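Novice: The residues making up each chain are set out below.
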Amino acid sequence: MLTYMRNKLVNIEIPADDIYVAYGFLDDHIYSLETTFQVNGADMTIKWLKGHWNRYTTPDCPRAEDPLQGAVGLCLTDEGFNRSIHRIVGRKACRHFATLILECCDAIVKTKQMIENPEKEPEKIAETSMPGSKIPRILDTAPKRIRKNAKIPFDQLEKAPHGFTIDLHMHTSPASSCASSPVDEMIEEAKRIGLDGICLTDHNYRWDPKDIQKLRDKHQFLVLGGNEITTVQGDILVFGLDEDIQGIIALKDLAEKVAAVDGFMIAAHPFRGFLAVSGDKLGLDVERAANRPMFSLVDGIEALNSKVTVDENRFCGQVAKALNLPATGGSDAHLAGEVGVYATKFSRVIEDEEELIAALRAGDGVPVDFRNDK
Amino acid sequence: MAHLISFSRSRCTTVEESSDGIMTCTCRVTDNILDARVQIQATLPDLEIMTANSRIDHSLIGGMPVAEERLQNLLGVRIGPGMLKIIEGLMGDDPACVELAYMAEECCHGAILSLTKEELKKAPLEPAESRDFFSKMVQKNVRLHNRCAAFADGSSLLDGVDIS
Numbered sequence: 001m002l003t004y005m006r007n008k009l010v011n012i013e014i015p016a017d018d019i020y021v022a023y024g025f026l027d028d029h030i031y032s033l034e035t036t037f038q039v040n041g042a043d044m045t046i047k048w049l050k051g052h053w054n055r056y057t058t059p060d061c062p063r064a065e066d067p068l069q070g071a072v073g074l075c076l077t078d079e080g081f082n083r084s085i086h087r088i089v090g091r092k093a094c095r096h097f098a099t100l101i102l103e104c105c106d107a108i109v110k111t112k113q114m115i116e117n118p119e120k121e122p123e124k125i126a127e128t129s130m131p132g133s134k135i136p137r138i139l140d141t142a143p144k145r146i147r148k149n150a151k152i153p154f155d156q157l158e159k160a161p162h163g164f165t166i167d168l169h170m171h172t173s174p175a176s177s178c179a180s181s182p183v184d185e186m187i188e189e190a191k192r193i194g195l196d197g198i199c200l201t202d203h204n205y206r207w208d209p210k211d212i213q214k215l216r217d218k219h220q221f222l223v224l225g226g227n228e229i230t231t232v233q234g235d236i237l238v239f240g241l242d243e244d245i246q247g248i249i250a251l252k253d254l255a256e257k258v259a260a261v262d263g264f265m266i267a268a269h270p271f272r273g274f275l276a277v278s279g280d281k282l283g284l285d286v287e288r289a290a291n292r293p294m295f296s297l298v299d300g301i302e303a304l305n306s307k308v309t310v311d312e313n314r315f316c317g318q319v320a321k322a323l324n325l326p327a328t329g330g331s332d333a334h335l336a337g338e339v340g341v342y343a344t345k346f347s348r349v350i351e352d353e354e355e356l357i358a359a360l361r362a363g364d365g366v367p368v369d370f371r372n373d374k
Numbered sequence: 375m376a377h378l379i380s381f382s383r384s385r386c387t388t389v390e391e392s393s394d395g396i397m398t399c400t401c402r403v404t405d406n407i408l409d410a411r412v413q414i415q416a417t418l419p420d421l422e423i424m425t426a427n428s429r430i431d432h433s434l435i436g437g438m439p440v441a442e443e444r445l446q447n448l449l450g451v452r453i454g455p456g457m458l459k460i461i462e463g464l465m466g467d468d469p470a471c472v473e474l475a476y477m478a479e480e481c482c483h484g485a486i487l488s489l490t491k492e493e494l495k496k497a498p499l500e501p502a503e504s505r506d507f508f509s510k511m512v513q514k515n516v517r518l519h520n521r522c523a524a525f526a527d528g529s530s531l532l533d534g535v536d537i538s
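Residue numbers (our numbering), protein chains in the order written: chain A, 1 to 374; chain B, 375 to 538.
Read the hints as simulated data drawn from the structure, not as lab findings. One or more hints might be untrue.
[Stated by the list, open to error] If we take Cβ atoms under 10 Å as the criterion, some of the chain A residues that face chain B in the derived model are:
{"no.": "1", "residue": "67"}
{"no.": "2", "residue": "69"}
{"no.": "3", "residue": "233"}
{"no.": "4", "residue": "288"}
{"no.": "5", "residue": "290"}
Keep in mind it's a predicted model, so treat the numbers as computed, not measured. Glycine is no exception: its CB is placed at the ideal position from the N, C-alpha and C atoms.
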């Protein structure tokens, strides 16, 4: 039975030399919207743009029409153009307008190429969210042993009468392109709110242990290295793997690498978005969810993450319990103000990655609602 | 001068759901340089891609056979947040791969919007009740906050809503 249909129609007119006018129309079972805009071929920038709704869902969707003007002046051939449209139009106006504008822009680029070089194959704006990922690949073949961080006799590490709390999941700029705050701001905020340590888990980015040591020395604060690695089956927080993995890797392959170095893998936000939309329709229950093959390959489950709903976190905790897997908490902060929303509390002091892994493996960590519990 | 069109594209995405919980999502595109179809099937409730296939009727973009083969990399990918990064990473960025990856993404978006449509059927038509419905939606799913103009600060949907 047909449950959904979306039609997108894009036409490109060239009313004068090097002037491109795009007419875009999107109509589906939920939305209907249109856009018309002009791009000058000489500099490939958007000169003017109009857009309006025909049908929408919420009473405030019409607020999206004015912010569409943020696209004017953007250059189609700039690196990061797609990202800019998603950020400016998608976030401030509506992602369906962003989708339609990008579809039109792709058509303009192809039209220009067809006209300028009819013999050459037209190319789409070849921009992906994984820069440099021409072919899925993995750097370094032989996993190295984890490097033990130097012990640091900070005052805060001497005793942990009330537990020792670490935010196990956060992103920094520019290591993660989606993050906004630099690492120093994240650390300062972590210190300010009373965390005992943080883990830097930037996307497919391995911090140099020397840089981490410098951060520790500079801030006199526990900073640990980690990584959030994108696998075919979802994002995985990895500790103890000193390997720079780029592109997408199968979870099974990652598990082999991590096992080879006695590292630790945590399924990050494994049910993100699952219950937000049509949870009833999906019919996902704890038993079925716990049987997902991915859980046989990870060592723990992130049961508190600030980017998912309360229901999704609760469900995740139930799945972790059903599987008897260690549960952790992490903010998944992309801004300094988000650090420590959730964290993991240990019964004893953690001084380095090896101790963190040992504590996690022993099931010593407990996910905590850190900012609210304070 | 007549306002003639130099380039035209029609992209149609459909989702069909069978009684055994399999969603079949198809994206068809026809434009000046490409006439193609990508179809994926995903199972409920996991929403994992179980099959992916394609048919290229006409293409001026080279490398389609490789791109079609690479669609098989998508098997096992879960439809949901974070999927675009995975799909683009698995397909690579050769022009033909980018085309088919985008079509696969359209299929996945179609699957999500098909489920969203079911939820939206519950939205009341009366303005005040409708506002209340969507206010509760953003309150329950804080990830929606600031994701679009309707759920941004200043929106009436956030009046009196404690996002923290």
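Novice: The structure should be examined with respect to each hint, and the outcome stated for every one.
Specialist: These are the hints, each one checked on the structure:
no.	hint	result
1	67	holds, 6 Å
2	69	violated, 12 Å
3	233	holds, 7 Å
4	288	holds, 7 Å
5	290	violated, 12 Å
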